[in-house]
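Using the sequences and the hints given, assemble the complete structure.
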Amino acid sequence: GAGVSQSPSNKVTEKGKDVELRCDPISGHTALYWYRQRLGQGLEFLIYFQGNSAPDKSGLPSDRFSAERTGESVSTLTIQRTQQEDSAVYLCASSTGQGSVLSGELFFGEGSRLTVL
Amino acid sequence: AQSVTQLGSHVSVSEGALVLLRCNYSSSVPPYLFWYVQYPNQGLQLLLKYTTGATLVKGINGFEAEFKKSETSFHLTKPSAHMSDAAEYFCAASFMNSGYSTLTFGKGTMLLVSP
Chain A
1 GAGVSQSPSN KVTEKGKDVE LRCDPISGHT ALYWYRQRLG QGLEFLIYFQ GNSAPDKSGL
61 PSDRFSAERT GESVSTLTIQ RTQQEDSAVY LCASSTGQGS VLSGELFFGE GSRLTVL
Chain B
1 AQSVTQLGSH VSVSEGALVL LRCNYSSSVP PYLFWYVQYP NQGLQLLLKY TTGATLVKGI
61 NGFEAEFKKS ETSFHLTKPS AHMSDAAEYF CAASFMNSGY STLTFGKGTM LLVSP
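Going down the list, the protein sequences come from chains A and B. So the first sequence is numbered by our numbering: it starts at 1 and just counts up by one. So the second sequence is numbered by our numbering: it starts at 1 and just counts up by one.
Keep in mind the hints are simulated off the structure, nothing from the lab. From the three backbone atoms N, C-alpha and C, an ideal C-beta is built for every residue, glycine too. Worth double-checking, as some hints may not be accurate.
What the hints assert, rightly or not - Label pairs and their computed distance ranges (CB to CB):
| id | chain 1 | residue 1 | chain 2 | residue 2 | range |
| --- | --- | --- | --- | --- | --- |
| 1 | B | Glu66 | A | Lys15 | 44 to 50 Å |
| 2 | A | Gly51 | B | Ser9 | 32 to 38 Å |
| 3 | B | Ser26 | A | Gly40 | 19 to 25 Å |
| 4 | B | Ile60 | A | Gln84 | 33 to 39 Å |
| 5 | A | Thr30 | B | Pro115 | 43 to 49 Å |
| 6 | B | Glu66 | A | Thr96 | 25 to 31 Å |
| 7 | A | Thr115 | B | Ser84 | 27 to 33 Å |
| 8 | B | Thr5 | A | Ser53 | 28 to 34 Å |
| 9 | B | Ile60 | A | Arg38 | 23 to 29 Å |
| 10 | B | Met83 | A | Lys15 | 38 to 44 Å |
Said to hold, decoys possible - Derived list of chain A stretches under chain B, where covered just means 3 residues or more per stretch with a C-beta under 8 Å from a C-beta of chain B:
| id | stretch |
| --- | --- |
| 11 | 27-41 |
| 12 | 44-56 |
Structure below.
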């Protein structure tokens, strides 16, 4: 499809397991963002990619969280040794990211809902 | 610190009534401003944005917002609510940070529309 695609749409895991969440951005979009949306809260910024480099990792909550991106394509968010507080919807968005200023809009995927038991 | 504040986690209106969702930002330099809407079980989609130029911007589904620099506000309005407007609305601002920008979101306002 032409939009941002995320998988899996739903993931239930046991505490202590590792999970991988995948994001396929819109073709040609150089900027890619991961956000976390916990129940009753707003969107929490996690990490930003420009191409395959991540100039801003400041939002990653702990060293259990990591992300990578292959070129200007797929990104994977990995959570190691999951905890119950990691339960949330993880949203990916992409943008044309013109220059160094975000003047375009973000296009969001439908999210990956993670439940840690 | 740069931030976005949405006043009211829930707003209830009757169908046909005015919708007003409030958003304020905190920044020494006016950012680009956005409103996104999230319908149940769907991703966020852009309603409207302010970058430069006219301070009153119109978006989809009859929504509009006005940028007021003196009040550091970007409130979202719609003259007449429709049942289909029930959703969660997020205000966002694009702040510059070390030569690049990211979107900072408010906590969201759930709009409830009653018949």
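Right, here's what the structure says about each hint:
1. Glu66(B) / Lys15(A): 44 to 50 Å: 47 Å, holds
2. Gly51(A) / Ser9(B): 32 to 38 Å: 37 Å, holds
3. Ser26(B) / Gly40(A): 19 to 25 Å: Distance hint for Ser26(B), Gly40(A) holds at roughly 22 Å.
4. Ile60(B) / Gln84(A): 33 to 39 Å: 38 Å, holds
5. Thr30(A) / Pro115(B): 43 to 49 Å: 46 Å, holds
6. Glu66(B) / Thr96(A): 25 to 31 Å: 26 Å, holds
7. Thr115(A) / Ser84(B): 27 to 33 Å: For Ser84(B) against Thr115(A), whose Cβ atoms are near 29 Å apart, the range 27 to 33 Å holds.
8. Thr5(B) / Ser53(A): 28 to 34 Å: 31 Å, holds
9. Ile60(B) / Arg38(A): 23 to 29 Å: At 27 Å between Cβs, range holds.
10. Met83(B) / Lys15(A): 38 to 44 Å: Given a distance of about 41 Å, which is inside 38 to 44 Å, the answer is holds.
11. 27-41: holds (count 4)
12. 44-56: It holds: at least three residues are needed, and the stretch 44-56 of chain A offers 5 whose Cβ sits within less than 8 Å of chain B.
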